[in-house]
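Enquirer: The chain contents come next:
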Amino acid sequence: MNGGVMMAERKAGLLQALRTVLSALFGVRRRSTHDEDVAGLRPIQVIIAGVIVVAAFVLAIIAFVQFVATR
Amino acid sequence: MEATHVHGAGHAHGGDHAHHPKGIMRWITTTNHKDIGTMYLWFSFTMFLVGGVMALILRAELFQPGLQFVEPEFFNQMITLHGLIMVFGAIMPAFVGFANWMIPLMIGAPDMAFARMNNWSFWLLPPAGILLTASMFVPGGAAGTGWTLYPPLSIQMGIGMDMAIFAIHILGMSSIMGSINIVTTILNLRAPGMTLMRMPMFCWTWLITGYLLIAVMPVLAGAVTMLLTDRHFGTSFFNAAGGGDPVLFQHIFWFFGHPEVYIIALPAFGVVSHVIPAFARKPLFGYTSMVYAIAAIALISFIVWAHHMYVVGMPVAGQLYFMYATILIAVPTGVKVFNWVATMWRGSLTFETPMLFALGFLFLFTIGGFTGLVLSNTAVDVQLQDTYYVVAHFHYVMVAGALFSAFAAVYYWLPKWTGHMYDETLGKWHFWLSFIFFNIAFFPQHFLGLAGMPRRIPDYALQFTDFNQVSTIGAFGFGLSQLLFLYIVLKTIRSGEKAAAKPWEGATGLEWTVPSPAPYHTFEEPPVLTEAKGHA
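Heads up: the sequence lines are chains U and C, in that order.
Using this note's numbering, you'd call the opening residue of the first sequence number 1119 and step up by one each time.
Using this note's numbering, you'd call the opening residue of the second sequence number 655 and step up by one each time.
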């Protein structure tokens, strides 16, 4: 986990950030995937992914409520 | 890295640096994070006793049906001040105190990032505490609205209400400055090599709490400012007679109020995430998941506020939305409970006082979490809103959650602060007395609430008498047990076995590399982290 190496390898995409956030909601994950994240992800990517997931979460609940309430 | 740069391993209360003022001026002018942390902790304990006496007045009145000791108006004032003082005066400053003392030590920083602002953050608190307590003695008495300050009641009250509003403004300013300081310290002053994902969990919880505070304290300040202008400057934000909407206040208040629950709970989670690994002699299970789960809780805490308002009047779709969202927030919280249990799994456990309080936290907080799930169901909540079931629920979260975790923190770090070990036997007595009396005080309140006893009323129907008497006995036992805590802390400061730099076999982290008591100045040069010195 050398700092210089970390900077060079930071090229993970938004999909990986989304996967990280979703696995955080589930709560348990492999150490190897975590190590990949630490090496590849920048904090800002995780934050953006987190906000996206929360927005999607809210919209999903609203959609479900609409489905239930209008039946 | 073994603290060779740390000089003058003398007494934490001065002596090793001759140039700082002595006596009272030392405390007024200090910019030292340890001094300020100590002041925060003593302030919060003082307010804890004040708020506790108010609670005992309430419980004494509720020992029997009918009115015995106090007038209903005074009862309402005690309800309000007990809530405000415990939330803003006792629990929040206690965790800011821990943050001041421990975060620089944990991340290898010489002090907080804004040392003078730190002094000002603290010294705003005593005037606010005085405003709140003195409001009892003004014409009309203190605010009697409950800590939620709902209009129209809060628009009608006397000057005591204005004093409460100003106190909240001041406390809010202090919190915002404190959290800016903590966030900046954590982001900028970490020792070289301490990446964010190697940071102790207590720092992580405070980093996220700091952002929560910066986000929601201005919302509360706005709400009470609108109350103030409604009261004195002819606006009608919340005054229905002028076209305003009292329900608007409830939405704004709870948009602050729900994240506030996590502002109190997250640092408590941080403490427990240090104590349990130390006494299980295993690293924290799922450190990364824990970090993400805390961030997830913080984000989701913003989207569930109206579950406090099911009976206010809301479309069915709104009720369903807030019900589903609230039930789902239990998932990341449950993840953490499993993480702590998995940390203990097959560890070599010992049960010193900090561990006892951490386990008490885990057990009772889980009960409080479950009753929260019960209340999150709209159909159930409509029955239980404003009953003692709610009182029981949030005391399991606030007292058994935050307060027990604060006790765990004090016993865990007291050797580092004072240089002495506390009396283990007395500490265990304090835990068991607190644990047993807490449950005697609050468990029967579930039954009272289910049977329909309303909260915030000084009188009740005869059939509630037995459980109320049990509850009052428990409350007095719990209150008196806290005097034992005061005695233990004073005794530890004055005497006791000398503490080693690392008094706990399983403890990890930079704070245990400096001598006990921690010298007045530490980490003037940043320590060098090796791969082995990971997060706690």
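Be aware that a few hints might be false.
Residues from chain U that face chain C, not an exhaustive set, calculated with beta carbons under 7 Å [stated by the list, open to error]:
#, residue
1, His1152
2, Gly1168
3, Val1183
4, Ala1187
Have a look at the derived ranges for each label pair, beta carbon to beta carbon [said to hold, decoys possible]:
#, chain 1, residue 1, chain 2, residue 2, range
5, C, Met679, U, Pro1161, 40 to 46 Å
6, U, Phe1185, C, Pro793, 42 to 48 Å
7, C, Val965, U, Gln1184, 19 to 25 Å
8, C, Thr1079, U, Pro1161, 45 to 51 Å
9, C, Ile682, U, Gly1131, 52 to 58 Å
10, C, Asn842, U, Asp1153, 23 to 29 Å
11, C, Ile682, U, Gln1184, 55 to 61 Å
12, U, Phe1185, C, Ser890, 18 to 24 Å
13, U, Leu1132, C, Gly812, 52 to 58 Å
14, C, Pro780, U, Asp1153, 47 to 53 Å
15, C, Ala788, U, Phe1185, 52 to 58 Å
16, C, Asp899, U, Ala1173, 23 to 29 Å
Since the hints were made in silico from the structure, they are not lab data.
The beta carbon of each residue, even a glycine, is placed where N, CA and C say it ideally should be.
Enquirer: Hint by hint, which ones does the structure fall short of?
Expert: 6 and 12
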